[in-house]
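Q: Just so you know, the protein sequences line up as chains D and Z, in that order.
Everything in the first sequence is counted per this note's numbering, starting at 1 for the first residue and increasing by one.
Everything in the second sequence is counted per this note's numbering, starting at 480 for the first residue and increasing by one.
Derived by calculation from the structure, the hints in this document are not laboratory data.
Hints should not be assumed to be uniformly reliable.
Derived lysine-lysine pairs resembling DSS-like cross-links, with alpha carbons at most 30 Å apart [as the list claims (entries may be wrong)]:
(1) Z:Lys521 - Z:Lys629
(2) Z:Lys543 - Z:Lys563
(3) Z:Lys751 - D:Lys262
(4) D:Lys256 - Z:Lys551
(5) Z:Lys521 - D:Lys266
(6) Z:Lys700 - Z:Lys643
(7) D:Lys274 - Z:Lys495
(8) D:Lys324 - Z:Lys563
(9) D:Lys328 - Z:Lys551
(10) D:Lys179 - Z:Lys495
(11) Z:Lys543 - Z:Lys629
(12) D:Lys179 - Z:Lys751
(13) Z:Lys551 - D:Lys18
(14) D:Lys274 - D:Lys179
(15) D:Lys452 - Z:Lys643
(16) D:Lys263 - Z:Lys551
Stretch by stretch, here's where chain Z covers chain D in the computed footprint (C-beta under 8 Å, at least three residues) [stated by the list, open to error]:
(17) 145-153
(18) 158-166
Note that beta-carbon positions come from the ideal geometry of N, C-alpha and C, so glycine has one too.
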Amino acid sequence: MKLINSKEKKEFNLPSLKNIFFIVLSFSIISIIFIASYYGITLEGLSPEGQIMIGILLMAAVLWITEPIPLAVTGLLIMIIQPLLHVLPPDEVFASFGNQAVFFLIGAFIIAGAIEKHGLHRRIALKFLSQFEKTPRFFTLGIMSSCAFLSFVMPEHGVAALFLPIVASILIAMKIAPKQSNFGKISMLCVAYGCSIGSLGTLIGGARNPLTVGILSDIGINVTFFEWMTYSMPVVFIALPLVWLILQFSFPIEIKDISAAKKEIKNQVNIAGKMKKNEFLVLIILIITILLWIFLSSYTYFGLAVIAILGSILLFLTRTISWKDVEKRVPWGIILLYGGAITLGIGMQKTGAGAWIANVLFNTAGFNPYLVILVMIVFTVLLTNIMSNIGAVAILLPIGLALATGMPGISPLLASMIIALSGGLAFMLVIATPGNAIAYSSGYFSTRDLFKAGSIANILCIAVIFIVATVYWMGVLGI
Amino acid sequence: MFKNILIPISSEYYSKGVLERSVFLAEKFKSTINLVYIIETKTLNQTDRLTDSHRTHYEIDETKNEIIRKQKLAADNIIFDEAKHVFKNKNISFEEKIVEGEFSDVIKSEIVKKEYDLILMGFEKECILNYRLLDDINIPVWVESKNENKSILAICSNLAPNQKVPAMSLKLSEALDWDLHMIYVVDIKDNVQVDEQGIRSDKKQERDLVFCGQNFVEEIKNKSIDIKLVKGDLEKETLKAAERINPSLVIVGREQKKKGILGLPVKNIKRKLAEKCDYSLLFVN
Numbered sequence: 001m002k003l004i005n006s007k008e009k010k011e012f013n014l015p016s017l018k019n020i021f022f023i024v025l026s027f028s029i030i031s032i033i034f035i036a037s038y039y040g041i042t043l044e045g046l047s048p049e050g051q052i053m054i055g056i057l058l059m060a061a062v063l064w065i066t067e068p069i070p071l072a073v074t075g076l077l078i079m080i081i082q083p084l085l086h087v088l089p090p091d092e093v094f095a096s097f098g099n100q101a102v103f104f105l106i107g108a109f110i111i112a113g114a115i116e117k118h119g120l121h122r123r124i125a126l127k128f129l130s131q132f133e134k135t136p137r138f139f140t141l142g143i144m145s146s147c148a149f150l151s152f153v154m155p156e157h158g159v160a161a162l163f164l165p166i167v168a169s170i171l172i173a174m175k176i177a178p179k180q181s182n183f184g185k186i187s188m189l190c191v192a193y194g195c196s197i198g199s200l201g202t203l204i205g206g207a208r209n210p211l212t213v214g215i216l217s218d219i220g221i222n223v224t225f226f227e228w229m230t231y232s233m234p235v236v237f238i239a240l241p242l243v244w245l246i247l248q249f250s251f252p253i254e255i256k257d258i259s260a261a262k263k264e265i266k267n268q269v270n271i272a273g274k275m276k277k278n279e280f281l282v283l284i285i286l287i288i289t290i291l292l293w294i295f296l297s298s299y300t301y302f303g304l305a306v307i308a309i310l311g312s313i314l315l316f317l318t319r320t321i322s323w324k325d326v327e328k329r330v331p332w333g334i335i336l337l338y339g340g341a342i343t344l345g346i347g348m349q350k351t352g353a354g355a356w357i358a359n360v361l362f363n364t365a366g367f368n369p370y371l372v373i374l375v376m377i378v379f380t381v382l383l384t385n386i387m388s389n390i391g392a393v394a395i396l397l398p399i400g401l402a403l404a405t406g407m408p409g410i411s412p413l414l415a416s417m418i419i420a421l422s423g424g425l426a427f428m429l430v431i432a433t434p435g436n437a438i439a440y441s442s443g444y445f446s447t448r449d450l451f452k453a454g455s456i457a458n459i460l461c462i463a464v465i466f467i468v469a470t471v472y473w474m475g476v477l478g479i
Numbered sequence: 480m481f482k483n484i485l486i487p488i489s490s491e492y493y494s495k496g497v498l499e500r501s502v503f504l505a506e507k508f509k510s511t512i513n514l515v516y517i518i519e520t521k522t523l524n525q526t527d528r529l530t531d532s533h534r535t536h537y538e539i540d541e542t543k544n545e546i547i548r549k550q551k552l553a554a555d556n557i558i559f560d561e562a563k564h565v566f567k568n569k570n571i572s573f574e575e576k577i578v579e580g581e582f583s584d585v586i587k588s589e590i591v592k593k594e595y596d597l598i599l600m601g602f603e604k605e606c607i608l609n610y611r612l613l614d615d616i617n618i619p620v621w622v623e624s625k626n627e628n629k630s631i632l633a634i635c636s637n638l639a640p641n642q643k644v645p646a647m648s649l650k651l652s653e654a655l656d657w658d659l660h661m662i663y664v665v666d667i668k669d670n671v672q673v674d675e676q677g678i679r680s681d682k683k684q685e686r687d688l689v690f691c692g693q694n695f696v697e698e699i700k701n702k703s704i705d706i707k708l709v710k711g712d713l714e715k716e717t718l719k720a721a722e723r724i725n726p727s728l729v730i731v732g733r734e735q736k737k738k739g740i741l742g743l744p745v746k747n748i749k750r751k752l753a754e755k756c757d758y759s760l761l762f763v764n
C-alpha cells in the first residue's frame, strides 16, 4: 500500500504562544531575583550569589519541564548565565565541563554507536528473546529482561528504539492491532519499563548516572563502575520482577499461543544471518571495555573516561566505526545538557544555595533521616516524571548533597545514589523519558494504560529504593 | 442514503466494531466503503520532540521511519486484511489507502476529494480528534460503540435548528427497521431559541422556550413518533434518556452553543457526549 503525505513539511516554525510564555516566565524569574539581589534584598541566611543561583535553578526547572527551547540549549544557558550575573567566574564554570565523566559519556556513546551500526544489539536482543518463547507471560518477561540487560551496555532510549520494531513485528505477525490486546499493551510497556529499570544498573544506561559520579568526584568521592553496580543491581533485580508482576495484574494476558511470535523471531534471526567479522570485533571490544571498567576503573588505575576512550579508539583502529558514524550517532546535545547540569550543581554548592534549601527543608521536615530519605525518593520520582531525568537529577543532586552534609546518618554518597536511582523511575507519563515516548509511539498502549501501571510501579519502586537504601546501602555497605 | 461511506482509522485506535457496522450499513444502503488508515503525525512529532536532545537526528529519523514502516505493515496485514475478508464475503465494494497526517485534517482533506454521505469511525477517550471537526463538516459523523439493541434516540432542543435530525432519524428508523424515540430538551441553562438558520435569539423566558418546544413536540407527534419534552441541561438530559431507552444509536444535531473568548464554544457538548455515552452517536449538521 502506497503512503500518501497529507501535508508538506513546514520549513520554519515560529515559537508557539505557549513557548514564548514559558521563555518570558523563566527570564522574568531570574530577572526579578537578580534585581532584588543587586539592591541587597536577600532571603535570610542567603548570600546574593546564592539567591541568584536559586533563581537560575528555578529558571532551569521551568525550561527543563516545559521545554520551550531544546534541553541542551538550556544546559548552555545555565553555563553562560552564571558568569553573566557574576555568580561564578567563567574559568570555574567551564572548568567543571572538563570533568572526566563528560569523556566517559562521549566514549560510551561511540561504543554504543558501533554496536548500533553493526546491529550487534539486535542480535543480542533476538538471542535473549528466543530463550523466553514458552508462554505469552514468560515472553513478556523476556522482553523486559532483554531491554534491561541491553540497557546495561548502551543508552536506554537506544534500546527502546531497537526493541520497538522487533516487538511491533512480532505483534503484527500475531495479528494483534494497537490497543486491541493486553498482550500488546504489556509487551510495549515492558519495553518502556525494562529500559528504565535496566538503565539504573550501570553507568552507561542513563546520562544521569555519570552526572552523579561527576558531581561526586568534584567533592572528592570517587565511584567506580563496579561500585556503582554493587549499589544499583539489587534495585534492578528487585524492581524488574515486581514491575513485571504489576503489569500482569493490571492487564491480564488473554492469548495462549505464541507460535507466531516464535516464527517471527526465527525469521528475524535468519534475516540477521551469521555473525559478521565487524560485529564480532565490536563484541570483543565491548567485552574488553566492560571488563576494564569493572576491574580497572578506580582512580588508582585508569578511571572511567580513559577506558571509554580507549574502547572507542580500538573501534577506530579496527575500522569498525568511522568519524562519519560518530557524527551520525553521538548525541552531542546530551553532552551540553550534561555540562549545564554539572555546572548548576557546582554553582549551587559554591554559593551556599544548596545548603540554604537544605536548611529550609530541615526546618520543615525535621531531622529524621528515614523521613528525609523517603521525601528525597518521592520528590525525585515526581520530578523525573514531569521533566528530563538528567534535569531532575541535576536540580535535586546539589540539594541532596547539602542535605547530606547537615544530616547525621545520611552521607553524600547515599543521598546521591538515592536521587540518581530514583531519577530513573519515570514510569507514569509519556513525556517522562524518551524510552516511554518511543514505546508509546507504537500505538499499542494509551496514556491511561501507562499512568495506571506506572503509578503503581512507581509506588512499589519507591518502597524498593527505600528498603535498599536503609537496609543494604546504610546497613550492609555502610555508605 | 449512504452511498459513499468514509471510514477513517487512526494508527492510535482501531475498533473492529466499525467494520461490522460498516458491513451492516453497506448491505442496507448498497454503499461503497472507503477505508483510510491514518498514521498520526502528531504522535510521531511528539516522539521526535521528546527524544530530540537525547538522540541524533539520524537516529530519530531512523526510528520514525521504522515506526511508519511498522504502522503501514499493521494496516496492511491486520486491518485491511480483516476488511478484505469481511467485505469480499459480502460482496461489498471498497477502497483502501494509507495517509500520513493528523486525523481531523485528513478527514477534512478526504471529504474535499470525494463526495461522501457518511463518516463512520470508532472512538476512545485518548483518540486524537479535534472535536471542532464535528462542527465544521456538513457530512453526518457516526461514532460507533457496540450496542445490540435496535432503536434510535433522536435529540432535539432549543439550541439546535431541529431540521435535519427529525428527517434523518425518521429515514434511518424506516430503512433499518429500528424503533425511533425522540426527546426535545429545553436547556434552561442556555435560555435562547435557535432558529432554522441556526441563529441564536436573545435570552428568553423559560415559559417561551417551553411553548416553542411544545409546538415542536405536537408537530412530531402528528407523524406518529414517540417524543417527550424535558427540561434541564442538554448533555445531562441526553445521557439520562439514553440510559433509560438504551438505544443502538443516538442522533444529535448542530447545537449553537454559547461562544466564549475568540469565538470558541464554552463547552463542547459533542465531545462530552462522545466521551460519556456508551451508545453509537450520529452527529448531523
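Q: Hints first: check each against the structure and report whether it holds.
A: To see whether the hints hold, each was checked on the structure:
no., hint, result
1, Z:Lys521 - Z:Lys629, "violated (37 Å)"
2, Z:Lys543 - Z:Lys563, "holds (28 Å)"
3, Z:Lys751 - D:Lys262, "violated (44 Å)"
4, D:Lys256 - Z:Lys551, "holds (26 Å)"
5, Z:Lys521 - D:Lys266, "violated (34 Å)"
6, Z:Lys700 - Z:Lys643, "holds (17 Å)"
7, D:Lys274 - Z:Lys495, "violated (41 Å)"
8, D:Lys324 - Z:Lys563, "violated (46 Å)"
9, D:Lys328 - Z:Lys551, "holds (26 Å)"
10, D:Lys179 - Z:Lys495, "holds (11 Å)"
11, Z:Lys543 - Z:Lys629, "violated (44 Å)"
12, D:Lys179 - Z:Lys751, "holds (22 Å)"
13, Z:Lys551 - D:Lys18, "violated (33 Å)"
14, D:Lys274 - D:Lys179, "violated (35 Å)"
15, D:Lys452 - Z:Lys643, "violated (42 Å)"
16, D:Lys263 - Z:Lys551, "holds (21 Å)"
17, 145-153, "violated (count 0)"
18, 158-166, "holds (count 4)"
Violated hints for the displayed structure, listed by number in ascending order: 1, 3, 5, 7, 8, 11, 13, 14, 15 and 17.
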